[in-house]
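> Now for the letters of each chain:
6 protein chains.
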Amino acid sequence: MKPAPNSLDPAPSLVFGAHPDDIEFGCGEVIARETRAGRKAHFVVCSQGEAGTHGTSRQRLAEARNAASILGATIEFLKLDGDAHLSARPAHAIKLAEIFRRIRPRVALAPSVVENQHPDHACLGKLVRDAARLARYGGLKELRQLPPHAMEQLFFYAVTPEAEPAGVTPVLIDISAPEIMAAWTAAMAAHTSQVTARNYVELQLARARLLGLRAGTGQATALFPNEPLLLGSLAEAGRGARRF
Amino acid sequence: MKPAPNSLDPAPSLVFGAHPDDIEFGCGEVIARETRAGRKAHFVVCSQGEAGTHGTSRQRLAEARNAASILGATIEFLKLDGDAHLSARPAHAIKLAEIFRRIRPRVALAPSVVENQHPDHACLGKLVRDAARLARYGGLKELRQLPPHAMEQLFFYAVTPEAEPAGVTPVLIDISAPEIMAAWTAAMAAHTSQVTARNYVELQLARARLLGLRAGTGQATALFPNEPLLLGSLAEAGRGARRF
Amino acid sequence: MKPAPNSLDPAPSLVFGAHPDDIEFGCGEVIARETRAGRKAHFVVCSQGEAGTHGTSRQRLAEARNAASILGATIEFLKLDGDAHLSARPAHAIKLAEIFRRIRPRVALAPSVVENQHPDHACLGKLVRDAARLARYGGLKELRQLPPHAMEQLFFYAVTPEAEPAGVTPVLIDISAPEIMAAWTAAMAAHTSQVTARNYVELQLARARLLGLRAGTGQATALFPNEPLLLGSLAEAGRGARRF
Amino acid sequence: MKPAPNSLDPAPSLVFGAHPDDIEFGCGEVIARETRAGRKAHFVVCSQGEAGTHGTSRQRLAEARNAASILGATIEFLKLDGDAHLSARPAHAIKLAEIFRRIRPRVALAPSVVENQHPDHACLGKLVRDAARLARYGGLKELRQLPPHAMEQLFFYAVTPEAEPAGVTPVLIDISAPEIMAAWTAAMAAHTSQVTARNYVELQLARARLLGLRAGTGQATALFPNEPLLLGSLAEAGRGARRF
Amino acid sequence: MKPAPNSLDPAPSLVFGAHPDDIEFGCGEVIARETRAGRKAHFVVCSQGEAGTHGTSRQRLAEARNAASILGATIEFLKLDGDAHLSARPAHAIKLAEIFRRIRPRVALAPSVVENQHPDHACLGKLVRDAARLARYGGLKELRQLPPHAMEQLFFYAVTPEAEPAGVTPVLIDISAPEIMAAWTAAMAAHTSQVTARNYVELQLARARLLGLRAGTGQATALFPNEPLLLGSLAEAGRGARRF
Amino acid sequence: MKPAPNSLDPAPSLVFGAHPDDIEFGCGEVIARETRAGRKAHFVVCSQGEAGTHGTSRQRLAEARNAASILGATIEFLKLDGDAHLSARPAHAIKLAEIFRRIRPRVALAPSVVENQHPDHACLGKLVRDAARLARYGGLKELRQLPPHAMEQLFFYAVTPEAEPAGVTPVLIDISAPEIMAAWTAAMAAHTSQVTARNYVELQLARARLLGLRAGTGQATALFPNEPLLLGSLAEAGRGARRF
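Chains as they are written, first to last, in my numbering: chain C, 54 to 297; chain S, 54 to 297; chain Z, 54 to 297; chain B, 54 to 297; chain D, 54 to 297; chain P, 54 to 297.
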C-alpha cells in the first residue's frame with residue numbers, strides 16, 4: 054500500500070476550541086482530511102461548555118472525546134476562565150504558548166478574531182495568535198523548560214458565517230471526498246446535547262455545499278490565513294475557486 | 054539530466070503587459086521561476102510604449118523581445134488603442150479572450166486593476182479579467198472558430214507598489230534562487246531606454262528584498278489572486294510569510 | 054377578503070437584468086413576495102443571452118417570458134450592445150432613465166456593481182444607478198417628453214455569491230413562505246436551457262437556506278441598498294438577522 | 054384574542070451610556086421619538102462622570118435624572134469600574150446581561166465600539182454586545198435566577214462623529230417633528246455642567262441637520278445596526294436616504 | 054505692507070468642475086483662502102449644466118463667471134461630452150493634460166472619484182487623475198507642442214457628503230476667517246438659478262461648521278489627497294483635527 | 054547663524070516604546086530629524102525586553118540609553134507588566150497620561166494598534182491613544198497634582214511592515230539627509246544584542262529606501278496620524294509622495 058503523502062511528518066496540526074463542539078463545527082472537516090492522509094492532529098478545548106443552554110459539563114466532555122476520536126485526533130482540556138468568562142490575559146497566551154512548545158505543530162487552527170460572535174471565540178483566537186508568537190521568544194521565564202518553537206502557519210476558522218473575517222482572502226480546502234464528509238458529519242452528530250436543540254449540522258453542511266458549488270467541487274471549507282502564503286512557484290498555487 | 058517537475062505540462066502561463074517593460078518589472082521574476090522549472094510562458098504586450106518619455110517604438114519592441122528571451126518566454130504584440138490611449142471596450146476583452154482560447158493557459162497574469170496608477174495598467178487588468186471569463190462562453194460569435202477555454206487562476210501583479218490592491222491577501226512567491234534573480238535583473242536591464250533615466254531596477258529589487266526579509270527568505274514577489282485558492286489539504290498551503 | 058397591504062399603490066418595482074435569467078436567479082424570490090402581496094413588478098431584460106453556451110436567443114426570450122409570468126411580473130426587452138458586449142455609455146443610462154420616467158417605480162432592483170463577475174452585470178448595475186439619478190434631472194433633452202421621476206430606493210441583487218458587495222450592510226428579506234419558494238423555484242426552472250447544464254438552482258436554494266438559518270427563519274435573500282434606509286422610528290427597523 | 058404585535062407591547066428599548074450625558078447627546082432624539090409614540094425606554098448609566106472636567110458626581114446624576122425624565126425614560130445607575138476606568142471584563146458583561154433579562158427589551162442601544170474615542174464608550178459598546186448574547190445562554194450560573202432573553206436588535210449610536218463606524222451601513226431615523234427636536238434639545242441642555250463649557254449641543258444639532266438635508270427631511274439620526282435587518286418584504290424597507 | 058507668503062509663486066492652483074457650480078459648492082472656500090493669500094487659481098468648467106432642472110446654459114455660465122470673480126479666480130469653459138453625458142475617454146484625459154501643461158499648476162483639485170454620485174463628477178475626477186499623470190509623459194504626440202509638467206499634489210473635493218471617499222484620510226483646511234466665509238458664501242449665492250430651488254448653501258455651511266466643531270476651530274473643509282503627503286519633518290504636520 | 058525653525062519651542066516630542074529597541078527601529082529616523090533641527094524628544098520605554106531571545110535586561114537598558122543619546126533624546130524607563138505581559142488596563146493609561154501632563158508634548162509617537170504583531174506593541178499603542186485623551190480630563194483623581202494637557206497630534210509608527218495600519222493614509226517624512234541616516238543607522242546598531250542575531254537594520258533601511266524611491270526622494274518614513282491633519286491652507290500641504 055502506498056503511504057499517504059507526508060505521512061512520516063511527525064509535526065501535527067494543533068487545533069484550539071473555546072467550547073467542546075467548536076472545533077467539530079468550525080473545522081472538523083479539515084481535520085478529517087488531514088488524519089485520513091496519515092497526518093496527526095491534536096485538539097485543545099478551553100472550557101467545558103458549562104454556560105450553554107444544553108448539556109452538562111460531563112456530557113459535553115464525553116461528546117468532545119468521542120468526536121475527536123471519530124476525526125482521528127487526540128484531545129486535551131485546558132482550564133482557563135470558564136465558559137463565557139474567557140478574557141485575553143497575557144498569562145493565558147503564555148499557557149497556550151507552552152502547548153505550542155510541547156506539541157510543536159507545523160500548522161495551528163483557532164477560531165477567528167472577529168468580535169461580533171461568541172466573545173470566547175474571538176478572545177481565544179487572539180490568545181492563540183499571540184501564543185504562536187510568544188512560543189518563539191527565548192527569554193520568557195515561564196516557558197524556559199521547553200525549547201522555543203516557530204510554526205509555519207496559523208489559520209482561523211469560523212464557527213458560524215458571521216465569524217468569517219472581511220478583508221482576508223480565504224484559502225479553500227476541498228472536502229468533497231465521501232469519507233471526509235461522513236467523518237465530519239458523524240463528529241458533529243456526536244455532540245448530541247447540542248444538535249438536538251438547533252439545526253447546527255444543517256447550517257454547516259449548507260455552508261460547505263455552497264462553497265463547493267462556488268468552487269466547482271462538491272464541498273469546501275474556508276480557512277483564513279494569519280499570514281500570506283509563501284509558495285515556491287505558480288505551480289504550487291492550486292487553482293482559483295470559482296466555477297459560476 | 055533530471056526533468057524539471059511538470060515539464061510535460063503543455064499549458065503555459067499567459068502574461069499580459071500594457072507597455073513593453075511592464076511584465077519584466079512587474080512579474081519577470083515569477084516567470085523566470087516558471088521557465089527555469091521547464092514550464093512555458095507566453096507574453097502579450099498591448100502597446101509599443103510610444104507615449105513614454107524615453108525610447109522609440111522600434112527600440113522598445115526590440116528590448117521587449119530581448120527581455121522575453123532572457124526570461125525564456127515567447128512574446129507577441131497586440132494592437133489595441135495605443136500607449137496612454139487604452140480604453141476598456143468589450144471588443145478588446147473579446148480579442149484577449151481569443152488569445153486565451155488560442156494559448157489555452159493554466160494560469161494568467163495581468164497588471165492589477167487598482168485605478169490610481171498608469172491608466173493603461175488598470176484598464177488592461179480589467180480587460181484580462183473579463184477576457185478570462187468570456188473565453189469560457191460558448192455562444193460568442195467572434196470566438197466560434199476556437200473552442201472555449203477555462204483557466205485555473207488569474208493573478209494580478211503590481212508594476213509599482215502603488216498598484217498593490219488593498220483588501221486582497223497576496224500569495225508570495227519565493228524567488229531567492231540566484232539564477233532567478235540574475236535572469237530577472239538581466240531582463241529588467243534589457244529595457245535600456247527606460248532604466249538609464251530612472252532607478253526602476255533598484256525599486257523592484259528593494260521591493261523583492263523587503264518582502265523576502267518579511268517572509269524569512271531571500272527575495273519574494275507578491276501576486277494577487279483573482280479568486281481564493283482551492284487546495285486539496287492543509288499540507289498544500291505552504292508556510293506563512295512572516296519571520297519578524 | 055381583506056385586500057393585501059398597499060394593493061392600491063400603483064407604483065411598481067422595476068427590475069433590471071442583463072441576461073434573460075439574471076432576475077429570476079438573483080432576486081426572483083423577492084419579486085414573488087411582492088406580487089403575492091398584490092404589488093406590481095416590471096422586468097427589463099437588456100440582452101437576449103446570445104453569448105451563453107446554452108440556448109438560442111429565441112428559446113431564452115421565451116423562457117424569460119414564462120418565468121416573468123410565473124412570478125406575476127410584466128416584462129420588456131431592451132436592445133443595448135448585446136450579450137457580453139455591454140458598455141457603460143451615458144446614452145444607455147439615459148435610455149434606462151426614460152424607462153424610469155415611463156414606469157415610475159417606487160423601488161428599483163439591479164445587479165450589483167461588483168466588478169469581479171460577468172462584466173455585463175456590473176455594467177448594468179452602474180447604468181441603472183446612474184439612470185435612477187438622471188431620471189430626476191429636468192433639463193435632459195432626450196427625456197423631455199416625460200416628466201422627471203424620483204424613486205424611493207435602489208437595491209442591488211447578487212446573481213452569484215461573488216457579486217455580493219463588501220462594505221455594504223445588506224437588508225434581508227424573509228422569503229420562507231411556501232408559495233414564495235414554490236414560485237421562485239418554478240421561475241428558475243423555467244430557464245430550461247440553463248438549468249440542465251449547471252446546478253444553478255441548487256446554488257440559489259443553498260444560499261437562501263443558509264441566510265435563512267443565520268437569520269432564524271426558513272429562507273432569506275440579501276439585497277444591498279444603494280442608500281441608507283430612512284425610517285420613521287425604531288419600531289420600523291424590524292429585527293436583526295441572527296439566531297446562531 | 055392575541056394582541057397585535059407592538060400595539061400594547063410592554064417591551065421597552067434599553068439604552069446604555071458610559072457617562073451621565075452620553076445617551077442624551079448620542080441618541081436622545083431617537084428615544085424622544087419612541088416615548089412620544091407611547092413606547093417605553095429605560096436608561097442604564099454606568100458611571101457618575103466623575104473624571105470629567107466639569108460637574109460633580111452629584112450634579113451630574115441629577116442632570117441625568119432630569120434629562121431622562123424630559124425624554125420620558127426611566128433610569129438606573131450601575132457601578133462598574135468608574136469614569137475613565139472601565140475595562141471589558143466578562144464579569145461586567147454578565148452584569149449587563151442580567152439587566153437584559155430583567156428589562157427584557159425588544160431593542161437595545163449602546164455607544165459604538167469604534168476605538169478611537171473616549172475609551173469608556175468603546176468598552177461599554179463591547180460589553181453590551183457581549184451581554185446581549187450572554188442573556189440568551191441558559192447555563193450561566195450567575196444569571197439562573199432570571200429566564201434567558203433574546204432581543205430583536207442591537208443598535209450602536211455615536212456620541213461624536215468620530216465614533217461612527219466605517220463599513221456599517223447606518224439606518225437613519227427621521228426626527229424632524231418639532232416636539233421631538235424640542236424634547237431632545239431640552240434633554241441635552243439639562244446637562245448644565247457640560248453644555249456651558251463646550252458647544253456640544255450645537256455639534257449634535259449640526260449633525261442632525263446635515264443628515265436631514267442629505268436625506269431630504271428636516272433632521273435625522275444615524276444608528277448602526279449590529280446585525281443586518283430582516284424585513285418581511287420590500288414594502289417595509291422605507292425609502293433611501295438621499296435627496297441631493 | 055508685508056507680502057503674503059508665497060506671493061511670488063507663479064504656480065496657480067488648477068480646479069476642475071463638471072458643472073458651472075461644482076467648484077464653488079465643493080471647494081470654493083479653499084480657493085478663497087488661496088487667493089486671499091495672493092496665490093492664483095484657475096477654474097476649468099467642463100459643461101454648461103444644461104441637463105439641470107433649473108437655469109439656462111447662458112445663465113449658468115454667467116453665474117460661474119461671477120462666482121469665479123468673487124473668489125478671485127480666472128475661469129475657462131471646456132467642451133467635452135455635455136452635461137450628464139460625460140464619459141471617461143482617454144482623448145478627454147489628454148485634453149485635460151494639455152491644460153495641465155499650459156497652466157502648469159503646483160496643485161490641482163477635482164471632484165472625487167466616488168461612483169455613487171452624479172456620474173459626471175466621478176468621471177471627471179478620474180479624467181483629471183489620469184491627466185495629471187499623462188501631463189508628465191514626454192512621448193504623447195497630441196501634447197508635443199507643450200513641455201511636460203509634473204504637479205506636486207492632486208486633491209479631491211466632495212460636492213456632497215456622499216462623495217467623500219472612504220478609506221482615505223482627509224486633510225482639513227481651516228476656513229474660519231470671516232472674509233473667507235463671506236467670499237465663499239457670496240460665490241455660492243452667485244449661482245442664483247440653483248440656490249433658489251434647493252438649500253445647497255445651508256448644506257455646505259452645515260458641513261463646514263460640523264467639521265470645524267470637530268477640529269476645534271470655526272469652520273473647516275475636507276480635501277482628499279491622491280497621494281500621501283511628503284513632509285520635511287514633524288514640525289510641518291500641523292495639528293490633529295479633533296477637540297471633542 | 055540662523056536658528057533652526059521652531060528651535061525656541063520648548064514642547065518636545067514624546068515617544069513611547071514597548072521594548073528597549075522599538076523606538077529606534079520604528080521611528081528613530083524621525084526623531085533624528087527633529088533633534089537635528091533643535092527640537093527636543095523624550096523616550097518612554099515600557100519594559101526591559103527581558104522576554105526576547107537575546108540580551109539581558111541590563112545590556113538592553115544600556116543599549117537603549119546609548120541609542121537615545123545618539124538620537125539626541127532623553128529617556129526614561131517605566132515599569133508596567135513586563136515584556137510580553139503587557140495588558141491594556143485603564144490604570145496603565147492613567148500612568149501614561151501622567152507622563153503626558155509632566156512632559157507636555159506637542160506631538161506623541163507610539164507603536165501602531167494593529168493587532169497582528171507583537172502583542173505588547175498593539176497594547177501600548179492603545180494605551181497611549183487613551184492616555185493622550187485622559188491627559189485632558191480635569192476630574193481624574195490620580196492626576197490632580199498636574200494640570201491637564203492637550204497635545205496637538207498623535208502619530209503611530211510601525212516597528213515592522215506588518216504593523217502598518219490599512220485604511221489610514223500615512224504622512225511621509227523625508228529623512229534623506231545624510232546626517233539623519235547616519236544617526237539613525239548608528240542608533241539601531243547600538244542595540245548590539247539584537248542586531249547580531251537578525252537583519253533588522255537591513256529591513257528598516259530597505260523600507261526607508263523603498264518609500265524614498267516611491268516618493269521621489271532618498272529615504273522616507275511613514276507615520277500614521279491618529280486624526281486628520283488640520284492645515285491653514287493648501288500651501289501647507291507639502292507635495293504628494295509619488296514619482297513613479
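Treat the hints loosely; a few may be bogus.
Because identical chains share one entry, a pair is satisfied inside a single copy or across any pair of copies.
Stated by the list, open to error - Capping the alpha-carbon separation at 20 Å, the derived lysine to aspartate or glutamate pairs in EDC-like fashion look like this:
hint	residue 1	residue 2
1	132	195
2	148	129
3	93	289
4	194	151
5	194	103
6	194	168
7	148	280
8	148	134
Quick caveat, the hints were computed from the structure, so don't treat them as lab data.
> All the hints need checking, so say for each whether the structure fits it.
Now for the hints, and whether the structure bears them out:
no. : hint      : in the structure
1   : 132 - 195 : both (17 Å within a copy, 19 Å between copies)
2   : 148 - 129 : within (13 Å within a copy, 31 Å between copies)
3   : 93 - 289  : between (23 Å within a copy, 15 Å between copies)
4   : 194 - 151 : within (11 Å within a copy, 30 Å between copies)
5   : 194 - 103 : between (33 Å within a copy, 9 Å between copies)
6   : 194 - 168 : neither (31 Å within a copy, 24 Å between copies)
7   : 148 - 280 : neither (23 Å within a copy, 34 Å between copies)
8   : 148 - 134 : both (12 Å within a copy, 17 Å between copies)
Checked against the numbered hints given earlier, the structure breaks hints 6, 7 and satisfies all the rest.
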